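*Asks:* Guided by the hints, dock chains B and C onto chain A, whose structure is given.
Protein chains in written order, with this note's numbering: chain A, 1 to 112; chain B, 113 to 361; chain C, 362 to 756.
Quick caveat, the hints were computed from the structure, so don't treat them as lab data.
Accuracy of the hints is not assured; some may be wrong.
[To be verified] To be clear about the criterion: a stretch of chain B counts as covered by chain C if any three or more of its residues have a C-beta under 8 Å from a C-beta of chain C, and this derived list gives those stretches: (1) 131 to 140; (2) 325 to 332.
[As the list claims (entries may be wrong)] Below, in silico cross-link-like pairs of lysine-lysine (BS3-like), each with a Cα-Cα straight-line distance of 27 Å or less: (3) A:Lys84 <-> B:Lys320; (4) C:Lys688 <-> C:Lys671; (5) C:Lys688 <-> A:Lys84; (6) A:Lys95 <-> B:Lys295.
Given the structure is predicted, the values throughout are model-derived calculations rather than measurements.
For each residue, glycine too, the CB sits at the ideal point set by N, CA and C.
Residue strings, one per chain:
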Amino acid sequence: MAMNVEVAKCTKCGKLSYPTHFYCPSCHGTKFEPVPVGGEGRLLTWTRVYALPLDYAQLYVTLGIVELDMGVRATGRLEIAEPKTGARVRTHIGKVREINGKDITGLVFTAV
Amino acid sequence: MSPPVYDWDADEYLTSEEERMIDELEAMLRPPALPMAPYPPKSVLLASGETMVVRQALVEEVDLMLKVIQPLSWVTRDFYDIVSARLFAELLGWKTHRVRDEYCLVGVIDGVLAGIVNGRLFDEKHGVSFHTLTLKRGLRVGSHLFASKMEHHIEYLGQDEVWIVAESPIGHRRWMIEYPLEKKFEVQHELGGAPAWVLTRDTYFKAKSRLVTGTRPVSDELLAKSYPLREPDLRVMLTQIEHTLEARV
Amino acid sequence: MRDVAIVGVGSTQFGRAQWSLLKMMCEASNDAIVDAGIGERKIDAVYVANMGASRNNRMAGLSSGLVDRMNLYPHTVSETIENGPASGASAIKHGVHSVASGYCDLVLVCGGERMQEVNNFEATEFVSYLSHRYAEYPYGVTLPSLAGMFTRLYMERYGVEARHLAMVAIKNHLNGAKNKKAHLRIPITMEGILTGPDALNNNPWIAEPLRFFDCCPVSDGSSAVLLAPAEMVKEFKKTPVLIAGMGQATDSQAVQDRPDPTELTAVRMAAERAFAMAKLTPKDIDVAELHDAFTILEIVESEECGFFKKGEGHKALERGETQIGGKLPINPSGGLKSRGHPVGNTGVSQIVELVLQLRGEAGDYQVPKQPKHGFAVNFGGFGNNVVATVLKRGV
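Same shape as in the complex, but just chain A (with noise of 0.2 Å):
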């Protein structure tokens, strides 16, 4: 899985975090165990991007910040049309974007 979808459980006092940290943020702790994002949660706040840099080909991205049941919030894409603060939102992973002709897995979130 790759790096960027992954949360950091923490062997000790179980403490999820999300971007990872090298310290436990709640016992500081330096032993995590990996647990895939996903599930449903609820948008906090979304935007669509019109400033992208040159890899972009699209007129603009669809991006926000989820509350994920689980417990952390995550960065994703969003594949909404039209999104509403508060909407409940699926996680999935997808590819979000190409750099140097690779592809890059990450998060996407749909409509439940």
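*Replies:* Structure of chains B and C alone, referenced to chain A:
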């Protein structure tokens, strides 16, 4: 009877017989013309609160435009050099009847030239977009004028398609991606270079509310203010072109 | 510890560079040296602020380059400080530390950035390196997108409307039009960018709900300040300005990771620390330069720094309190919005502008009533590294 002695100091170099022959040659050199509907002028309220009149340029205004464009052909910034050099040639060709069915629109703010766009009819149903040159930057003058050009082809000249190529990255992002245009690589655009892209009636009407703007009719008073066309201050124009950047962090 | 004063300032024109990065920095530094009138005195240290030279200008170790170009070798201590868009204030902080500790006497801090050497898209890409390496960057997160998501949340929670954002832009463009060194000297109107018939076309989306005129431009520019111990100021010709307080704080790199993503905790903490060091409160401030890379930031920073209550910043703006003649003029120089945002240099240029205000030398955009205390926020990343500075006229 001996022929009249030719007077080199008089302003006539040609005899009437010579003139008649030249006219015949000229007629052969001049392309035939398709009838073209006029572009009804419109006004656009810019971010600065200034009003820009977009109207058709007159052939009589070409000399003034050439004077404004010429110094820009040394400005390498954002490909101003190639765009102004080619636009210079196109407008000169229009004035001297060497380009077929060409038209030119200008953006005028308080009587001063702010931007130029041009193109021509390939045939009745297909148009060719030539160039977009912004003289006053930072206020999306170029974007408004390009949209007006598309409006002219589709709505007033009644065409089905406009063929477009971009010569700068700004143009590519503005036209190909923002509209968005479709690829039509089988067409050889007259500006050569990159494969052509196409704006169809369909894509035009989809993009219209987002990109095409302006108010009609323009009051006689406002329209009158856009004649005669005045040239922008050269120093201010060059500084603006060099300095202004439309990108955002 | 010694008190530290600013004895000279200088700045180039912002916008598109006429010169190479180093030449620009030499011009700004020379302006500051002439402004202070340092005579034969030797500069002990040079701190350079820059964010993108190694990527955009293919230059590294910029401070060595500047010292060489200005013939300040071999006696000078020099280094380059890269702290994202907060590099400028960070470099000043390092200068202050070295003077305060007694390690150096006369210190030159020079910020310089030449971003227009690369095209717009590369500049956007380069600034997006500030986002989190794998939780944000792969998704095409650019700084405007973080600002857009932040703005939506903030607008929904505190009733800020598009017209408030436009008011910030209009005010700062109006101020910047009076500043000869500003990048965008174009006054704009509410009709032209929000309410008129062609407004939404003049002012398209950049990252919803932020539009074109809500975002600062990509600029080139260089600024410099000369620092000296307060006990030495009599040896220089201009009114000295004391660096009364500096504070800095760091927040989570990913915006999503913050307990409340509408709070700019690092701004609040940096401001509190700067005020505590200066033994002053927000009420004492007469003029402020805030980091308005996006219009929303000026409103939110004005609240987090304690000038207005949370959720009240836009109301103060609406009442005209932040205009040049208002109760607390914010960004009289035009701010990042109109003066321009050469990323690594911005922190230095904010201090230069405040010094001009406190000396009464700002000319057309001078704040009335002889301001005594100035305040600046230099904001790095999307609020993950913030430096606040309090300045005071006289020593």
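*Asks:* Quick check: which numbered hints come out false for this structure?
*Replies:* 1, 5
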